[in-house]
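Residue numbers (the numbering used here), protein chains in the order written: chain A, 185 to 481; chain B, 813 to 1104.
Calculated from the structure, these hints are not laboratory results.
Incorrect hints may appear among the rest.
Quick list of in silico lysine-lysine cross-link-like pairs, DSBU-like style, CA-CA up to 30 Å [as the list claims (entries may be wrong)]:
hint	chain 1	residue 1	chain 2	residue 2
1	B	K959	A	K203
2	A	K248	A	K233
3	B	K959	A	K233
4	A	K287	A	K379
5	B	K959	B	K1066
6	A	K341	B	K1066
Treat the numbers as computed from the prediction; the structure is a model and nothing was measured.
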Amino acid sequence: MAAPATTDFRTRLQDWLPKLVLAPSFAVTLLFVYGFIAFTVVLSFTGSKMLPRYDFVGFENYAKLFALQHWHIALRNIAIFASLYIVICTLVGLLLAIFLDPKIRGEGMLRPIYLYPMALSFIVTGTAWKWFLDPGIGLQNVMQQWGWESFSFTWIKDSNMAIYTIVLAAVWQTSGFVMAMFLAGLRGIDNEILKAAQIDGASNWQLYRRIVIPLLRPAFLSAFVILSHLAIKSYDLVVALTGGGPGRATEMPATFMYSYTFTRNQMGIGASSAVIMLMTIAAIMVPYLYAELREKR
Amino acid sequence: MAAVTQDTAISTGRITRVFLYLVLLLFALFYLLPLYVMGVNSVKPLAEITGGNMMALPQVWTLDPWRSAWSTAQIGIEPTGLKPYFLNSILMVVPAVAISTIVGALNGYVLTKWRFRGDTWVFGLMLFSCFIPFQIVLIPMAVVLGKLGLAGSVPGLVLVHVVYGLGFTTLYFRNYYAAFPTELVRAAQIDGAGFFRIFWRILLPVSGPIAVVSVIWQFTNIWNDFLFGASFGGTSQPMTVALNNLVQSSTGVKEYNVHFAGAILAAIPTLFVYIVAGRYFVRGLMAGSVKG
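Chain B extracted, bound-state conformation (with noise of 0.2 Å):
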């Protein structure tokens, strides 16, 4: 491989070249830093960071902090860790996020190859509510969960995550689909097809980088979310909302090797999907939904 593969216009020499790597790097390390100092303080013993070098590698490695933020670890005000709050959050994302691309799918479907009068509107008004601040649904939404007998309980946060995720899914495979030769569509009509045939045998099968955009956004939204956990979670708060809790707790000493440690953990879910899925995420993203 030759160290350049000078494809675009724009030439550099060598010295801008090093100037270039110099201020890339510096930057990688800036984005490595926090996740440098999770890392190597959670298998640290405590009075190693209150007394020590919090860049330091462990003189000790203990995997203790782990043990304690995923089992023991006090949250509110049971010692349990953070081990329900994590299934709870499992429970609470994988519906979400089937639902929500599922149903978005079917809207795009519908908004590009079955066009109808005031289509536009429609999508324009889902559109909309990608944007607004939480904050103008909050007291609404508690009364609603109150009165549906959801408040509190992951059946009621998976309702708040679809309905609140639907203009986001909706968006990125009706853009998707777009690009979709509609005589396709057409033709399979004349030829018999109904609704759901052409969607199952036509649309569904082209539909995996859009599918994977889909369910990367509404996962790692969902899983991170604070804000309704927060309201709405009661008993059935999730990760985030538990993992401040371990935090901002104001009883005792403050455990920073076990809060890392927590962090760690629930920042894992969403760190792997990056991982796995990352690129084609960026891929799917650029095609379908930033483009001028």
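Chain A with its partners taken away, still in its complex shape (with noise of 0.2 Å):
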């Protein structure tokens, strides 16, 4: 009889179907992914123009790339976009939460409120605010028409000041998310120790500087994360709101690596600006991800 060699057979398929059952996404992922990176690695030392070549040049096209103006630029304004969108968003993020947390009435409507921008695509909000604050028609338009004649505010066509328009637009949208994931922490916490902090006389201020706000690590922690990995993908955004200008006042990394590699035929500077890009992002999540999963072993 055949019959233990088909057992045989069978349990070994069904010792081995887990593995092929998740084999097809690990392979994807390895080629899409790692396999990607590694190419565009290599684009990065090659003198590749329009399309792909393989003739390697060295570290010139990161030398180029430290020499361009425009990519001083742009590294300048991730700074500024990125510094200010995540403090700002944690900070009224926090607050809101705060505020939303003692159940008071009315919870219920503002929650969706405030969250709802995060389901607009970068696109809607970028045309939204663009003609918002476009002084011809929108809030200089609007104030003046209202009776005050001097109000200015024409930022979205000052080259000094057309980046803080985008941190506007961006903390607009994301920090409604912030608050839920802050009110979830909130919520989380055991009442039992507030009370008992109360009874010991502590003031509403140091219950939230001593207590809450520390045990709301865990919560900062992935606002960060999240935050910093929106800000350096800010791609949609600029191009819809300002178009990466006026001039080139606000281009950032990602308008950067598009222009130089799509438009510009530039593609191995291009390559080595998405180098950059990953490495500063990586910096920050490869700590991040490996103390997240060990903490789970």
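Since each chain comes alone in its own frame, lean on the hints to assemble the complex.
In structure tokens form, the structure reads like this:
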């Protein structure tokens, strides 16, 4: 009888099945993520222009990249944008969460209002804010029509200020989401701890500063990771809101990479800028992910 | 109902409470403002925007901007309106969300209930892929899609979104299934149930909440994507790219009212999903992934 052999095959199949199911996803990840990263890294060391070429030029692209005025503008902008965006989103999100926490009436109405911008595309957000901030038809015009003749708000047309309009729109879009994260954290705190501190005579301010905020550490960390991840990807919003302008005033690494690779046909330089972006993100994400995965062992 | 259900330990006086409401309402206005601006100005004739006040209600109500945005507005070089692009987005989103969610569920199941040596590494490598700046894969992806003959097609975009969505869906299902008692799986195994049977009969029936999270997340991300759509959309561009082309078009008069109507059209599907299922999303997300 062949029965033992078939059982054997079936049990062995059962042993292998889980790995077989996972294998396609893992293979796809290896190829489309890590293989592609390797490909881009290789390209960044070649003289590729419009199409990939394999003439190695060493670090020439990186040297050229860091000699470019545009790249320095992009780096300065991402530094301003990312730091303001992360800090303001965190503060607004924390403030709203703390204010909503005492189970006030109307929370059920307010929460979706705070959250809905997160559902929108950055292109939609950009379109709405682009015209609302436009001096000719938007806020400035509205204020002047309402009688405040000298009101002036031209940030979006001003090379020195345009970057802050991107911060404004980005904060509008994501601060509600940060609020939801902090609110979940606050609701998870054991009330007994707070009551005990109150009996010991702690004021509300002390409660928050000494107990609540330290207990929110995981929420702060998650918020930081998510926001920095969104900040460096800030491509869509810049395209929709300012198109990188006025001039090059709101150029970011993401827009720089795109224009050098696909419109200026400097693929080698575009690839090297993408590598710098990846390395920046990895410096933040790898330690975070490593700690997360170790903890859960 | 009492005005205040005071089950937190933080006590607030009357004045503090008024202050809280004031701040909360001001922020609510801030969040609603762009929605109001878009809505009101999408039902006005253009002259009322260029010659009037953006915050004012329309003097003449009109649905022409909506009609124009949907079916006649100039997108790129064709006067097609946003309709065909809306269709492209639907054709792209539905399969991409379905495939990435189903595969993510199976991955999560394997990674929690069929652990093997090195599984954390496999998961870690997949998880990191959620956080890469996509600029790093744009050039190779363009090359590969070209070689596969999928450049500029809806199936090409589906492939891209499935590939870069798998990390997230796997993460959600893995964290969710990790809390599910493994003993039940082992017991079913002893009773002779196989890999797929256990998944189908035991895990899947309890997966509702996390499936909602995964579907909402993927749906909003893919619908709202611009970078991949602009890079690989070709003649099958999604809604976001078309909207951007409409708004940035430099020829002719800027039809702000049409832009606003188009922006709302692009926002409707994701807003609808948030309104219907948003509450489950936040709840599920908090339970699944952002806990410390």
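Consistency of the hints with the structure:
| no. | hint | verdict |
| --- | --- | --- |
| 1 | B:K959 <-> A:K203 | holds (29 Å) |
| 2 | A:K248 <-> A:K233 | holds (14 Å) |
| 3 | B:K959 <-> A:K233 | holds (19 Å) |
| 4 | A:K287 <-> A:K379 | holds (17 Å) |
| 5 | B:K959 <-> B:K1066 | violated (39 Å) |
| 6 | A:K341 <-> B:K1066 | holds (17 Å) |
Hint check: a violation occurs at hint 5 only; the rest are consistent with the structure.
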